[in-house]
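Since the structure of chain A is already known, use the hints to place chain B on it.
Residue numbers (the working numbering), protein chains in the order written: chain A, 1 to 476; chain B, 477 to 924.
In short, the hints are calculated from the structure, not lab data. Don't be surprised by glycine CBs; every beta carbon is placed ideally from N, CA and C. Among the clues, some could well be false.
[As the list claims (entries may be wrong)] Computed list of lysine to aspartate or glutamate pairs in DMTMM-like fashion (alpha-carbon distance at most 25 Å, straight line):
id	chain 1	residue 1	chain 2	residue 2
1	B	Lys826	A	Asp292
2	B	Lys553	B	Asp630
3	B	Lys826	A	Asp180
4	A	Lys412	B	Asp758
[Unchecked claim] One side only, chain B facing chain A, incomplete, derived with CB under 7 Å:
id	residue
5	Gln673
6	Asp758
7	Tyr874
8	Gly922
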Amino acid sequence: MSHCGKYGRREFLTKTSLGIGAMALGSILNPLKAGRLRSNNPMIGPHFAPKAKRVIYLFQSGGPSHMELFDYKPLLNQREGQDIPESVLQGQRLTGMSSGQASLPLVGSRFSFNQYGESGMYVSELMPYTSEIVDELCFIKSMHTDAINHDPAVTFIQTGSQFSGRPSIGAWTSYGLGSDNENLPAFVVLITKGKQGGQPLYARLWGNGFLPSQHQGVQFRAGKNPVLFLENPSGVSSENRREQLDYLNKLGKISYDENLDPEVLSRMEQYEMAYRMQTSVPEIMDTKGEPDYIYDMYGEDSKEPGTFAANCLLARRLAERDVKFIQLYHQGWDAHGGLPNLMKRQCKETDQASAALIKDLKQRGLLEDTLVIWGGEFGRTSYSQGQITTDNYGRDHHPKCFTIYMAGAGVKKGLSYGTTDDFGYNITSNPVHVHDFQATLMHLMGVDHERLTFKYQGRRFRLTDVHGHVVKEILS
Amino acid sequence: MEFDFSIFVGRFHPLFVHLPIGIIIVTLVLEVIGKAGKNTLAWLWFFSFATALFSIFTGWQLTQGSSYPQDSLFWHKWLGITVAAISAVLWLLTAFTENYKHNATWILKGALAIILSIGGHIGGQLTHGNDYLVEAAPGFIKNLAGYDVPKPLDLSNIQSDSIVAYQHLIYPVLEQKCVQCHNQKSASGNLDMTTPQSLMEGGDGGEVIAAGDASDSELFRRVTLSQNNIKFMPTKGVPMTYYEMELLKWWLNSGADFEAKASTLEMSTDVIKGIQKKYNVDFSPRPWYEKEQGPKLDTSAIEAFAKSGFKVTDLSGSDNFLEIGLVGNEVNGSVDFGNISENVLILDLKNSNLEDETYSKISSLKNLIRLQLNNTDTDSDDVLKIDALPRLESINLYGTQIDDRALEHLANFPSLKRVYTWQTNVTPGGIAQLASKRPDIIVENGIN
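Chain A extracted, bound-state conformation (with noise of 0.2 Å):
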């Protein structure tokens, strides 16, 4: 590019046609602008007052079973063993890991369930702490994706769109609407240690895509290192990193000054986030200052580092430090098989911890301007995959609906909105796309999901592609 001056072909043309204008019209308008334009962030900031400054994001991978938590399909029990009528299937695409087969028998909850709360809400066994705060939550029983497989579909729910390569939602917060803390990334990931087996998940799914780069999120993990390749070298001292730093941020402003590429600017701000992190991140990841009722309440696993129970605690944590965008893994929900004792161990290692959460926000009045959501990227079949015995039978990959729940700023209390017929197969009532949810996410954070965009490869992208609706029945 050098051979062309001090611009590039594609930055002369930003900076000439939007660049400059933008910076000073912003500061004519607005200094709190300016200031973010200086900083090499085009944000426009929130374009109306959000609700949610922070989203607590408690991904369950696999696909948990609607059937088996909270859309409750007695009828399922009724019919079990018959075959599901095609008028209920209506042709709908199936997995080859269950459409080869002879029969699709319909199979009941093995799980019981009861109303809970003021709203009446119905919840199963295996969620004994979530029953509690039902009168907090807001579930959408009428989720529906594109995907029927596990990639596509994570991929799909976490970026809009499929394939993989475009920014999480995650990411796009980060570039719409900047960091609340100047110690800590915007974009944080926690992924439970030890449950990688089964479905992976791949660091794009928090990635920047073609946004820039500090928009990613950064995993931390538990143990020694948090973040990898954050600490310094052995023999080199913090002040040593200091003046290190000092002479390559004169070299990345020698080298701005001369190709103007914002890229310049963005690992700059990288190196400056990640020395300040080698204080702030040790600080975040201590826990040993919680006291007992705390570990208590998050449950026994929670002293554990990189359980989902001790990601939970750390996520309050975050979130009390004004992280933006928080996001939690939980893998290991895929029950095509063995699924009564698969939700029973899954349950075990994140009911308590959610609900204790939700609490422990509350009382910090974090609940207040912070949105937690519960899900996966897909439901399950109300037939079994493979024989049904009285503790064993499994479900299938289902897009057609799923349950998710939300709670916190913003969103209706104790409200319970969408149905499924009483096979919990088709959507009866109020449909939520995944590109729904993310707009009615966006909206929630202030962003008129419609606005945020980004111009890559000739077109203006966006999350919601050019789908989405805010659904505002949700809204308190």
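Showing chain B alone in chain A's frame:
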């Protein structure tokens, strides 16, 4: 419904009326074919006449105390009587003269066919409504008949504050449920509901609208009667839904103003829900800060303020409201909100050390909706320094030194909805006392 002989008999009219119609058609066909003998034809004309008479009798009973449109009823009645009369003449001619095949009788028979058709059709309209047939007809017949398909009103292009309550929300309901019978052409009970003027005039029973009082309005009373009641409206088709009745009640109770904008009338949650369900327009109350703009931002004041260690962010791109937080844990020197005091909506001072005078400065933040003082050294004396902020909705005092005296003071904050008191010296007694004084405030006191 109480037993009433005339109503009971009257309701057989639509059944019996088909006897003369059938017999007359059969007789006419036989006359044209010419196969039937004199006696047979005479008997048939006699039966036509007799059943027509009986139909007239039952029809007459049916009109007693009913509210069929006068105009149509007049024609139906007299055409029916004409049918009976012609049948009688034909019977007499056939039975007692030899001229029953005279050419002149064919004029009578032709007229009878036409009158029978027209009278029958009007009768059908009286029972089923004017548009009963065209409604279901193919498009070209609708065009021929000049019938406009009533389109569901699309309100999505109208700004919600330009929606006129009657025109956009009430009349579409009336049009769907009432206007079929109560229009200019056929005003059942002499009530025409198509224009505000004619609606206000009322019908045979007097005025139907009592402005400001739904329960006193005949219009509302009739649609909310028991469905078994003879006066229940609409007499045919689908009754009004719950939300449609709610809308009607709302409009009547709020003065039955034909011009008023919906947004200027007070709405209950059911009315908001009903409008949302029926018209997909959201009238749910928006918080004031989404409607107001706030005073113009003083940019130099913001810059000066930011220098004293504050992080200033604007709450949205479309108004002038600000959120203020601290960059570190310390406030540099004394805080002076100065010119931006009415722009501040959220003040977040958590985890910091605050000077005593800061608290009284907070009193100048008239538009503050949320105040976060959690994990500061705030005590009740500090809280007492803050005047009752008119718009404050939430105050977070968890992890502070406050006690019940602070709660007592907070009871004076008119808009307050949530107080966070976990890990303070607040007692259950203090919370109960606040609850008795201000049941609208939720105190979140944590897990222990």
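Given the hinted pair Lys553 of chain B and Asp630 of chain B, is their alpha-carbon gap at most 25 Å? Distance ~42 Å between Lys553 of chain B and Asp630 of chain B Cα, so the pair is violated.
*With a cut-off of 25 Å on the C-alpha distance, tell me whether Lys412 of chain A and Asp758 of chain B pass.*
holds, 16 Å
Have a go at the Asp758 of chain B hint: is there a Cβ in chain A nearer than 7 Å to its own Cβ? holds, 6 Å
- Lys826 of chain B paired with Asp180 of chain A [C-alpha distance capped at 25 Å]: Satisfied, since the Cα-Cα distance of roughly 14 Å is no more than 25 Å.
ask   = Straight-line Cα separation of Lys826 of chain B and Asp292 of chain A no greater than 25 Å?
value = holds, 23 Å
| Under the criterion of a CB-CB separation shorter than 7 Å, is Gly922 of chain B in contact with chain A as hinted? | holds, 4 Å
- request: With a cut-off of 7 Å on the beta carbons, see whether Gln673 of chain B makes it to chain A.
  value: With a minimum Cβ separation of about 38 Å from chain A (threshold 7 Å), the hint on Gln673 of chain B is violated.
- Query: Would the stated hint for Tyr874 of chain B survive a check requiring a Cβ distance to chain A of less than 7 Å?
  - Reply: holds, 6 Å
Consistency with the previously given hints fails for numbers 2, 5, ordered from lowest to highest.
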